[in-house]
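Those sequence lines, one after another, are chains Y and H.
Numbering of the first sequence is given in the numbering used here, commencing with residue 1 and proceeding in unit increments.
Numbering of the second sequence is given in the numbering used here, commencing with residue 523 and proceeding in unit increments.
Hints in this document: simulated from the structure, not taken from any laboratory.
By construction, the Cβ of each residue, glycine as well, lies at the ideal position given by its N, Cα and C atoms.
Some hints here could point you the wrong way.
Quick list of in silico lysine-lysine cross-link-like pairs, DSS-like style, CA-CA up to 25 Å [stated by the list, open to error]:
no., chain 1, residue 1, chain 2, residue 2
1, Y, K107, H, K894
2, H, K555, Y, K304
3, H, K534, Y, K44
4, H, K894, H, K934
Some chain Y residues well away from chain H (every beta-carbon gap over 10 Å; in silico) [unchecked claim]:
no., residue
5, A34
6, K44
7, E132
8, E285
9, K304
10, H376
11, K409
12, E453
13, S503
Listed here are the chains, written in short residue letters.
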Amino acid sequence: MLDDNIYEAFEQIVGPENISQAPAIIDTYAFQWAAEVLNVLDGKPPARYYIRPAAVILPGSVEEVQGVVKVCNRYKISFKAFSTGLGPWNCVSSTNTVQIDLRRMNKIIKIDAKNMFAVIEPYVSGAQLQSETMKFGLNCGMPGAGPQVSPLASATSMCGMGFTSASTGFAGRSVLGVEWVLPSGELLHVGSIGITNDPDWFSGDGPGPSLRGIMRGFVGAKSGMGIFTKVAVKLYPFPCKPEWKVTGESPNYEFEIPNYLKLYVINYKNWDELANALRRFEEEEIGFMCYHLSASATLAGFAKTREELVTQLASHGRLKRPLTVMIGAQTEREFEYKKQVVEALIQETGGKDYTKKLKIRSISYAEGLRCMYGFHGFLITGAFQSTHGCMDNIDNSVHMAQLNAPLKKKFIKKGVIIDDQGDGLWLASFERGHMAHCEMPTMYNVNITESVEGFVEYANACDEMDLEEHLGLPFFILGDKKHEWAGPHCMNYHIWLRKIKESFDPQNIADPGFYISSKKES
Amino acid sequence: MTLELKKLADYKDIMERCIRCSMCKWIPQVQIKSWKYAQVCPSIDEYNFHAYSGGGRMIIALSLLTERIGYSEELLNIVYRCTACGACAVSCKYLNDLEPLEVIEALRKKIVEDGEGPLPAHKKYMKLTEEVHNPYGEEPSKRLDWLPSDIKVSKNSKLAYFVGCTTSYRRKEIAIATARIFNKAGVEFQLLGEDEFCCGSPILRAGGEAQVLDLIKRNIKAFKERGIETIVTSCAGCYSTLKADYPRYVKHDFKILHTSELLEQLLKEGKLKLKKEVPLTVTYHDPCHLGRCSEPYKEWHGEIMEPIPLVRFPVPPLPLRQGTYGCYYPPRNVLKAIPGLKLVEMERIKEYAYCCGAGGGVKAAFPDFALKTAGRRLEEAIDTGADTLVSCCPFCATNLQDAIKANNAPIKFYDLTELVLKAMED
Numbered sequence: 001m002l003d004d005n006i007y008e009a010f011e012q013i014v015g016p017e018n019i020s021q022a023p024a025i026i027d028t029y030a031f032q033w034a035a036e037v038l039n040v041l042d043g044k045p046p047a048r049y050y051i052r053p054a055a056v057i058l059p060g061s062v063e064e065v066q067g068v069v070k071v072c073n074r075y076k077i078s079f080k081a082f083s084t085g086l087g088p089w090n091c092v093s094s095t096n097t098v099q100i101d102l103r104r105m106n107k108i109i110k111i112d113a114k115n116m117f118a119v120i121e122p123y124v125s126g127a128q129l130q131s132e133t134m135k136f137g138l139n140c141g142m143p144g145a146g147p148q149v150s151p152l153a154s155a156t157s158m159c160g161m162g163f164t165s166a167s168t169g170f171a172g173r174s175v176l177g178v179e180w181v182l183p184s185g186e187l188l189h190v191g192s193i194g195i196t197n198d199p200d201w202f203s204g205d206g207p208g209p210s211l212r213g214i215m216r217g218f219v220g221a222k223s224g225m226g227i228f229t230k231v232a233v234k235l236y237p238f239p240c241k242p243e244w245k246v247t248g249e250s251p252n253y254e255f256e257i258p259n260y261l262k263l264y265v266i267n268y269k270n271w272d273e274l275a276n277a278l279r280r281f282e283e284e285e286i287g288f289m290c291y292h293l294s295a296s297a298t299l300a301g302f303a304k305t306r307e308e309l310v311t312q313l314a315s316h317g318r319l320k321r322p323l324t325v326m327i328g329a330q331t332e333r334e335f336e337y338k339k340q341v342v343e344a345l346i347q348e349t350g351g352k353d354y355t356k357k358l359k360i361r362s363i364s365y366a367e368g369l370r371c372m373y374g375f376h377g378f379l380i381t382g383a384f385q386s387t388h389g390c391m392d393n394i395d396n397s398v399h400m401a402q403l404n405a406p407l408k409k410k411f412i413k414k415g416v417i418i419d420d421q422g423d424g425l426w427l428a429s430f431e432r433g434h435m436a437h438c439e440m441p442t443m444y445n446v447n448i449t450e451s452v453e454g455f456v457e458y459a460n461a462c463d464e465m466d467l468e469e470h471l472g473l474p475f476f477i478l479g480d481k482k483h484e485w486a487g488p489h490c491m492n493y494h495i496w497l498r499k500i501k502e503s504f505d506p507q508n509i510a511d512p513g514f515y516i517s518s519k520k521e522s
Numbered sequence: 523m524t525l526e527l528k529k530l531a532d533y534k535d536i537m538e539r540c541i542r543c544s545m546c547k548w549i550p551q552v553q554i555k556s557w558k559y560a561q562v563c564p565s566i567d568e569y570n571f572h573a574y575s576g577g578g579r580m581i582i583a584l585s586l587l588t589e590r591i592g593y594s595e596e597l598l599n600i601v602y603r604c605t606a607c608g609a610c611a612v613s614c615k616y617l618n619d620l621e622p623l624e625v626i627e628a629l630r631k632k633i634v635e636d637g638e639g640p641l642p643a644h645k646k647y648m649k650l651t652e653e654v655h656n657p658y659g660e661e662p663s664k665r666l667d668w669l670p671s672d673i674k675v676s677k678n679s680k681l682a683y684f685v686g687c688t689t690s691y692r693r694k695e696i697a698i699a700t701a702r703i704f705n706k707a708g709v710e711f712q713l714l715g716e717d718e719f720c721c722g723s724p725i726l727r728a729g730g731e732a733q734v735l736d737l738i739k740r741n742i743k744a745f746k747e748r749g750i751e752t753i754v755t756s757c758a759g760c761y762s763t764l765k766a767d768y769p770r771y772v773k774h775d776f777k778i779l780h781t782s783e784l785l786e787q788l789l790k791e792g793k794l795k796l797k798k799e800v801p802l803t804v805t806y807h808d809p810c811h812l813g814r815c816s817e818p819y820k821e822w823h824g825e826i827m828e829p830i831p832l833v834r835f836p837v838p839p840l841p842l843r844q845g846t847y848g849c850y851y852p853p854r855n856v857l858k859a860i861p862g863l864k865l866v867e868m869e870r871i872k873e874y875a876y877c878c879g880a881g882g883g884v885k886a887a888f889p890d891f892a893l894k895t896a897g898r899r900l901e902e903a904i905d906t907g908a909d910t911l912v913s914c915c916p917f918c919a920t921n922l923q924d925a926i927k928a929n930n931a932p933i934k935f936y937d938l939t940e941l942v943l944k945a946m947e948d
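The following block holds chain Y by itself, in its conformation from the complex (with noise of 0.2 Å):
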């Protein structure tokens, strides 16, 4: 509970309808996807339930969350922001912290098509921002958790992949001018909207140094270097004729295709083929999507029920190291020449176009261009979560792979993740093949604490293997501890990231939990 006066100071700034520290309401912010591995990180039971903010904050405006962010440093509150929120890293990370849920600032500032990009604020959806472009010809990135979730939290803050990374990039590529609340409340401007003549949205560099890499780095900060409440992403050209109509009723939906798309499985033998297709493709620059997902996980992202999907799982035995791509074009011409690229690909690398074996809904079309096959991962238990999780090449990539499988297996056998065969695992290569994404989703059932318990031992063990066979620092290394047993296998960079969050934020206001804390190592 906060002490009155506290309490009133935040109430003045938002009104008292927009904070709360009644347990119904904050109990429901402590309550979290994963926050069981939280608990089990922390030595505790599996509870689904994390740790309670001590009040949640609802700001309306970006006044409002300086207001919000100065009240917190006058009286020594740690501050969370999230906007959509999805994932445990959202929780707070200790119970002096307040939860800034910032679903008010929902507005699309602006779309500005001719120089593409769009202005956004925290809590609009992808699926939104996409339906807006699209009434201009464009498309927006969408990051692997669904269009559900925020756009700016993914360029400002998370890792930012995405199926349609191929096409889309990666989010914090696609970053411009960011409107930046400092841990402290101060108000800054990053990029061409920071300029003094004609600000605009336009760059996320300048003036002077850029500050991309301090605001975000790797995989962000959330919200453990302040909050930001506007963010100006670019956009792309949508993939085809910008048509969307569904038919029939949920769940049974039919998709009118539009011209000039198409998706294809093409099944390769082994890894190495894998690589190289994958490579190729991106080379050629023709997939709107372009990715690897294991066997199990492509015939889960086109399964509609648990049920579907275990029928498929034992029907498509020969599916080995799946390749997904989907292309679009403007014009029949356009459509023609990508079609035949991709029937010369598959010839040049040994593919088969497992495409028709499939049990592909239109349906899946409308999913794929709305960046929702990861959803599908829930299908099974309802609970998963990635380890590894590296952003270098693709080679790199598939060698994590290969090296993963024993470790995985080891853990299939000991009954607690569930048999993926050791190969699950989700390959998004952007900036046309010369960078690539990989982590290992695995299934574990939430309703068991052996298997929850077994799943955090097996995480563990992934990051382990990250630093010893050097395969990149995994996207998982949240909060102090983490960092100070990475960074000495990386350079000592969590001496650079401390003392980034100490400039930023010296009294540690930005809750650190899930980034790393301004204190000096212990």
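Starting from the structure of chain Y, add chain H where the hints point.
Using the frame of chain Y, we list chain H on its own:
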């Protein structure tokens, strides 16, 4: 999801599997066509804290069940500031199999069983229903006050027009239009009059399971004694209660029809002829209880299997109510049969229609919230360019017309039956 009546504790596994993805706050993702009309839950739209979403209420239910929280005024407000429209459940179950609406209903039942609720406004109408068989406290003898003297009623017909409390006492124009259409189309019907008791919907939505069971038994007995085989109602709330909820408590074999279904049938049979032009541009509001909430529950006999280690699921699959088979097309088909009428659709329709804001006891306990929600729906209707908003539910009719008045909105409201009658008039 099944006929079996469950307690809140029976949903623990489901509540623990919520991942807080927030799908429950939006219409199904593949249906989003604009920034403006992407959201689906009136409650979170108004109150913003996560607790006010379908998923949030599942978390609260789990917190209460596991004694992380106790009863409080705030908790009751959160639980009852929900129209129980079921939109959250449709969006959740597009890809998942959780049951936010059923959890909310089970939570309300627990609150009543524990003696902690419902809210005073609900208690008032529950008491009135017990005393005078309708939640408005009106005299049972006045139930047929709406009935014009020239309407022919066939006392021995096997088809009953179950008028419903709201239509009988508050939206008499719907009852009159319905009865006139039936007469003109040669549909013989009986009325229960004073013998018609509340269907129980408002009580059930507030969590009053014990009270509703008495009503259900009493009503079914009355239907049987009168030799009724088919029950037609012009109220969406009565329709879903009779069709979907009653069989969970007492099995029955009455055929339950909404007027729109009967009218569609009459049109197909050529018994209903719509000849007069009704030159209106109309948009249709799907009542939640005629649409997604009217799907019957199904029996399930099976067991939880583990075909893959750690992967446990029911075999055969549990039947899910996903909004797939609601009554969506009959009202539209009837509207399309009206000469001169142009039907234009809102963005949120059918199983993902935005609630009018009146249901779940909200109109009684939180009238301002109900009115604001109706205002949001009106805005969507006006954005279609329609000059007329049509629906098929007296409760929606009341709330939407209240909002038209409060907002001085440039749109008229009619019940479907009123437009049909216009098209039939000589």
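Here is what the structure says about each hint:
1. Y:K107 with H:K894: holds, 20 Å
2. H:K555 with Y:K304: holds, 22 Å
3. H:K534 with Y:K44: At roughly 21 Å apart (the allowed maximum being 25 Å), K44 of chain Y and K534 of chain H satisfy the hint.
4. H:K894 with H:K934: holds, 18 Å
5. A34: The assertion about A34 of chain Y is violated, with a minimum of 8 Å to chain H.
6. K44: holds, 15 Å
7. E132: Contrary to the label, E132 of chain Y does not stay out of reach of chain H, its closest Cβ about 5 Å off (not over 10 Å).
8. E285: Holds, because the least Cβ-Cβ distance between E285 of chain Y and chain H comes to about 27 Å, which exceeds 10 Å.
9. K304: For K304 of chain Y, whose nearest Cβ neighbour in chain H is about 8 Å away, the distance does not exceed 10 Å, so it is violated.
10. H376: violated, 7 Å
11. K409: holds, 13 Å
12. E453: With a cut-off of 10 Å, E453 of chain Y remains clear of chain H, as the shortest Cβ separation is near 13 Å.
13. S503: S503 of chain Y is indeed farther than 10 Å from all Cβ atoms of chain H, at 33 Å.
When each numbered hint is compared with the structure, violations occur for hints 5, 7, 9 and 10.
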